[in-house]
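Trainee: Each chain is listed here by its residues.
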Amino acid sequence: MRLPLTLHRLWAIVLKEFVQMRRDRITFAMMVGIPLMQLVLFGFAINTDPKRLPTVVFDADHSAFSRSFVASLDNSGYFDILPPPDSVVAAREAMAIGDIQFIVSIPPDFSRAVVRGERPALLLEADASDPSATGNALAALANLNQSALQHDLKGPLVKLNGGSPPFEVRVQRNYNPEGITQYNIVPGLMGTILTMTMIMMTGMAMTRELERGTLENLLAFPVHPLEVMIGKILPYIIVGYIQVTVILTAAHVLFHVPIAGSLPMLLACVLVFLAANLTVGMMFSTIARSQLQAMQMTFFFFLPSMLLSGFMFPFRGMPHWAQVIGEGLPLTHFLRIVRGIMLKGNGWAETWPNVWPLLVFMAVVLTIGFKRYRRTLD
Amino acid sequence: MNHPYAIDVHGLSKSFGNKRAVNHLSLQVAEGEIYGFLGPNGSGKTTSIRMLCGLLTPDEGSGTCLGYDVRRQSGEIKKQAGYMTQRFSFYEDLSIRENLDFVARLYAMPDRKRVVERSMAELGLAHRANQLAGTLSGGWKQRLALAACMLHRPRLLLLDEPTAGVDPKARRDFWDEIHRLAGQGISVLVSTHYMDEAARCHRLAYIAYGDLLAAGTPEELIAQSGLTSFAVQDDDPALAARLRQLPGVEQVVAMGSMYSVSGQDGLLIARGLAGFAGLRFEQVDTGLEQVFIRLMDRVQEAAP
Numbered sequence: 001m002r003l004p005l006t007l008h009r010l011w012a013i014v015l016k017e018f019v020q021m022r023r024d025r026i027t028f029a030m031m032v033g034i035p036l037m038q039l040v041l042f043g044f045a046i047n048t049d050p051k052r053l054p055t056v057v058f059d060a061d062h063s064a065f066s067r068s069f070v071a072s073l074d075n076s077g078y079f080d081i082l083p084p085p086d087s088v089v090a091a092r093e094a095m096a097i098g099d100i101q102f103i104v105s106i107p108p109d110f111s112r113a114v115v116r117g118e119r120p121a122l123l124l125e126a127d128a129s130d131p132s133a134t135g136n137a138l139a140a141l142a143n144l145n146q147s148a149l150q151h152d153l154k155g156p157l158v159k160l161n162g163g164s165p166p167f168e169v170r171v172q173r174n175y176n177p178e179g180i181t182q183y184n185i186v187p188g189l190m191g192t193i194l195t196m197t198m199i200m201m202t203g204m205a206m207t208r209e210l211e212r213g214t215l216e217n218l219l220a221f222p223v224h225p226l227e228v229m230i231g232k233i234l235p236y237i238i239v240g241y242i243q244v245t246v247i248l249t250a251a252h253v254l255f256h257v258p259i260a261g262s263l264p265m266l267l268a269c270v271l272v273f274l275a276a277n278l279t280v281g282m283m284f285s286t287i288a289r290s291q292l293q294a295m296q297m298t299f300f301f302f303l304p305s306m307l308l309s310g311f312m313f314p315f316r317g318m319p320h321w322a323q324v325i326g327e328g329l330p331l332t333h334f335l336r337i338v339r340g341i342m343l344k345g346n347g348w349a350e351t352w353p354n355v356w357p358l359l360v361f362m363a364v365v366l367t368i369g370f371k372r373y374r375r376t377l378d
Numbered sequence: 001m002n003h004p005y006a007i008d009v010h011g012l013s014k015s016f017g018n019k020r021a022v023n024h025l026s027l028q029v030a031e032g033e034i035y036g037f038l039g040p041n042g043s044g045k046t047t048s049i050r051m052l053c054g055l056l057t058p059d060e061g062s063g064t065c066l067g068y069d070v071r072r073q074s075g076e077i078k079k080q081a082g083y084m085t086q087r088f089s090f091y092e093d094l095s096i097r098e099n100l101d102f103v104a105r106l107y108a109m110p111d112r113k114r115v116v117e118r119s120m121a122e123l124g125l126a127h128r129a130n131q132l133a134g135t136l137s138g139g140w141k142q143r144l145a146l147a148a149c150m151l152h153r154p155r156l157l158l159l160d161e162p163t164a165g166v167d168p169k170a171r172r173d174f175w176d177e178i179h180r181l182a183g184q185g186i187s188v189l190v191s192t193h194y195m196d197e198a199a200r201c202h203r204l205a206y207i208a209y210g211d212l213l214a215a216g217t218p219e220e221l222i223a224q225s226g227l228t229s230f231a232v233q234d235d236d237p238a239l240a241a242r243l244r245q246l247p248g249v250e251q252v253v254a255m256g257s258m259y260s261v262s263g264q265d266g267l268l269i270a271r272g273l274a275g276f277a278g279l280r281f282e283q284v285d286t287g288l289e290q291v292f293i294r295l296m297d298r299v300q301e302a303a304p
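Protein sequence lines, in the order shown, are assigned to chains H and L.
Take the first sequence: its position 123, counted from the start at 1, is 123 in my numbering, and no numbers get skipped.
Take the second sequence: its position 279, counted from the start at 1, is 279 in my numbering, and no numbers get skipped.
This is chain L alone, in the form it adopts within the complex:
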């Protein structure tokens, strides 16, 4: 059976004690799609991913992962999905090769030695094969983790903040790799806090305090937000407070030699900015960051 969705879940909920970590989450991820999962810390991203790969049992809701029931067939999901944990959770007292060899044995990979060598070569780990995982730097640990969760050629990758604490070059390499895999038809659900990474996803979901607030392509989300943004060329530190006072201005971000100002009503803001004598400003594209900060602010306002 050819299932159109790699992930198709409805109404997933999970509570810890009396804290609702995830509240009626519904998510559809198409095959071959890179799906970005965003939200503030503690918003339920990790809990959601763990429910998808069978590490947590949902309190409510149902659905499928790779066509398998998330409640009853977690064993099958584990065999065909790769899960990369937020915290490095391979064995620090084992070398790269030993860790990969262990994983390959757990998945009963045929031709294990060759698989391990090829995987190390693909991710550039070969020259460090015998280095203990505990002595690797953040970027290398993350490469090892990615190599390990892809070793068994999964059809779905669940990546939980895979690039936290990794330098920009390594992050870019990592995302090139993700796109290469998606090109081969592998579906990817990836959680992140980085906006540049969010922009590289096919589709995004934004979750806060357990609730799914918005979902769509990056362009759709920006359009839905209705935000208009301006770049103000000035680095006077006192200006920020005055910009915030302007009618219609929702966000003011200081960025080196300029300010980014955005709000729902572009005309109102433009009029306000024009009121400052000699202030240079121009309308620019709204970024995902503004969109998500707006979403977050609205949740916090709504909260008691």
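Just chain H, same shape as in the assembly:
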């Protein structure tokens, strides 16, 4: 029996594919270069065990014991003791924005109660909206009450050493008391899904005109570049809102994620985020020569968005340079906004610090896109 395949015909196809691959240099370069870049970038950046988390201590006791405890927090490596703000209220606001991860409050009669053997409690408030970011630090804390005062409890107090710990650390998990991962992931997923779809859809928008040859006609019409760009962005804003509606409904119904803050404010912030991503897609489509390239660029932007924004891995676990990159990504700020509003019930004052970076990002990207927009076929 003869096979319907022949090697020379098969080889003809293989050769043709290689020739076409070679012609499309950008695509080929991306296929080789991007994995390497991402390997290096993410390999060094991602750290699932974040250390030196920002912590403030309100020490009302001012004793040798309290200082020893703070020193042991510092020595554990998980806590970065910062100078405390004026009041606990101010510290809680800083926690809502996300500047502070832990607040430790030591009561005024702490050392006296320890000496009396009353096993006093001190309070540690944690921003637990992302359970994975605080998990290891809280685990390290578990043994600190046993060991922190070992060197201070000597002489007549040595009997307090050993046996049950001389004091107790009461942990209060704010925003997500049960440490439910979905509470953190589902709002984050909304941002990731929007990033992906928005950039891809607009990225295709202009390159499709180029590929199908309709661009020549479009340029021959008396239409302003901004009319084209904004005209292509607006429909996708509506698509984005449909997605948001679906995701929020599912988050509520399937995962029971609470919406602690204001829904209208959340939807307003979504608008800014959608627009920021759509301008990225629009900029890509002014650079890409084909829809395939636009797609590759989308992934090129999407992967760091997912990995360096704090969506998959704790933001504070990354080295400083990676955090700087992360701060430049819209998703980073949107995650803080969404988690802030949905879990922390943040208001406008706590949300704004993450809204203006989105606006700046959008303005910069829109300018680049506008400058690069093809007004002629030159």
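Any given hint could turn out to be false.
What the hints assert, rightly or not - List time: in silico BS3-like cross-link candidates among lysine-lysine, alpha-carbon distance up to 30 Å:
1) H:LYS232 <-> H:LYS371
2) L:LYS113 <-> L:LYS141
3) L:LYS169 <-> L:LYS141
4) L:LYS79 <-> H:LYS371
5) L:LYS141 <-> L:LYS79
6) L:LYS79 <-> L:LYS113
7) L:LYS113 <-> H:LYS232
8) H:LYS232 <-> L:LYS79
9) H:LYS16 <-> L:LYS19
10) L:LYS141 <-> H:LYS232
Said to hold, decoys possible - Here are the in silico distance ranges between beta carbons for each label pair:
11) L:LYS19 <-> H:PRO35: 33 to 43 Å
12) H:VAL223 <-> L:ASN130: 20 to 30 Å
13) L:GLY183 <-> H:PHE302: 57 to 67 Å
14) H:PRO264 <-> L:ARG105: 27 to 37 Å
Stated by the list, open to error - Some chain L residues near chain H, calculated using beta-carbon distances under 8 Å:
15) CYS53
16) LYS79
17) TYR83
18) SER89
19) LEU106
Hints are computed from structural coordinates only; laboratory data are not their basis.
Even for Gly, the Cβ is constructed at its ideal location relative to N, Cα and C.
On the provided structure of chain H, position chain L as indicated by the hints.
Mentor: Okay, now just chain L, sitting in the frame of chain H:
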């Protein structure tokens, strides 16, 4: 201001990389005139038309289109000129009506719905109004493109090989339409490879490898070429090679049952033809095709 020329450009040049696509093109097209733009493939016709409607920026040269500067006022030119691209470039996933409606909105046409319906009726597109443009055949696509570029009542039409791949009947209808529009005072610059279409233009320009080689009315161009042509009534396939050997013969074209022979020196050719015993031949009018092939041959000889 009443400008005598719809197109009046001087010394337009355009290069892509180190390839000179158009070299110092000067062109004057009077109002209400059908101006044919001819030349071999890749000769710079499309580049020239794109420079006229602002899709490409000329490297050198200047001029006006409808009285507007081609460099600085391309926005105004776009509003008042209609450009029909060589390749169909309307939206294949939109219907005829949707495409026209889109164009009408871009030009901010008042009374849009009526304009679109009237335009479809004029070009016989009405019964296909809801058909997707991508499913139309070549001739219908071309009608749609023409309807779209005339929708805003332009004063100048720039048509880039509008009838390539269109059947003879549709081509004739198309040209009847062009003449009707010219009769209304619309100026038309049209590029083509068809000689019968060239003959229907008021004036012609011939461009090859970026250079304008000849311009004038069809009659002028034929006269300028100095060619004399003969029709030789014979279909012997071996004859062609022998005819080419004759002194003075520049072109021999086999056409079914006859040969067309032409050259600069008519007397010399006639003597040569008379040398063949029993060969029937007669002098005929020289066609544009011979004129243009001669122009092309001379350019190729001149090229290194």
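Trainee: Now tell me, hint by hint, if it's right for this structure.
Mentor: Evaluation of the provided hints:
1. H:LYS232 <-> H:LYS371: holds, 17 Å
2. L:LYS113 <-> L:LYS141: holds, 21 Å
3. L:LYS169 <-> L:LYS141: holds, 15 Å
4. L:LYS79 <-> H:LYS371: holds, 23 Å
5. L:LYS141 <-> L:LYS79: Within the cut-off at roughly 23 Å; holds.
6. L:LYS79 <-> L:LYS113: holds, 19 Å
7. L:LYS113 <-> H:LYS232: Within the cut-off at roughly 23 Å; holds.
8. H:LYS232 <-> L:LYS79: At roughly 22 Å apart (the allowed maximum being 30 Å), L:LYS79 and H:LYS232 satisfy the hint.
9. H:LYS16 <-> L:LYS19: holds, 28 Å
10. L:LYS141 <-> H:LYS232: holds, 25 Å
11. L:LYS19 <-> H:PRO35: 33 to 43 Å: Given about 37 Å between the Cβ atoms, the range holds.
12. H:VAL223 <-> L:ASN130: 20 to 30 Å: holds, 25 Å
13. L:GLY183 <-> H:PHE302: 57 to 67 Å: This hint holds: roughly 58 Å between Cβ atoms.
14. H:PRO264 <-> L:ARG105: 27 to 37 Å: holds, 33 Å
15. CYS53: This hint holds: L:CYS53 lies near chain H, its Cβ roughly 6 Å from the closest one there, short of 8 Å.
16. LYS79: The hint holds - L:LYS79 has a Cβ within 8 Å of chain H, the shortest such distance being about 5 Å.
17. TYR83: Holds, because the Cβ-Cβ distance from L:TYR83 to chain H comes to roughly 4 Å (cut-off 8 Å).
18. SER89: At about 4 Å, which falls below the 8 Å cut-off, the nearest Cβ of chain H leaves the hint on L:SER89 intact, so it holds.
19. LEU106: At 5 Å from the nearest chain H Cβ, L:LEU106 passes the 8 Å test, so the hint holds.
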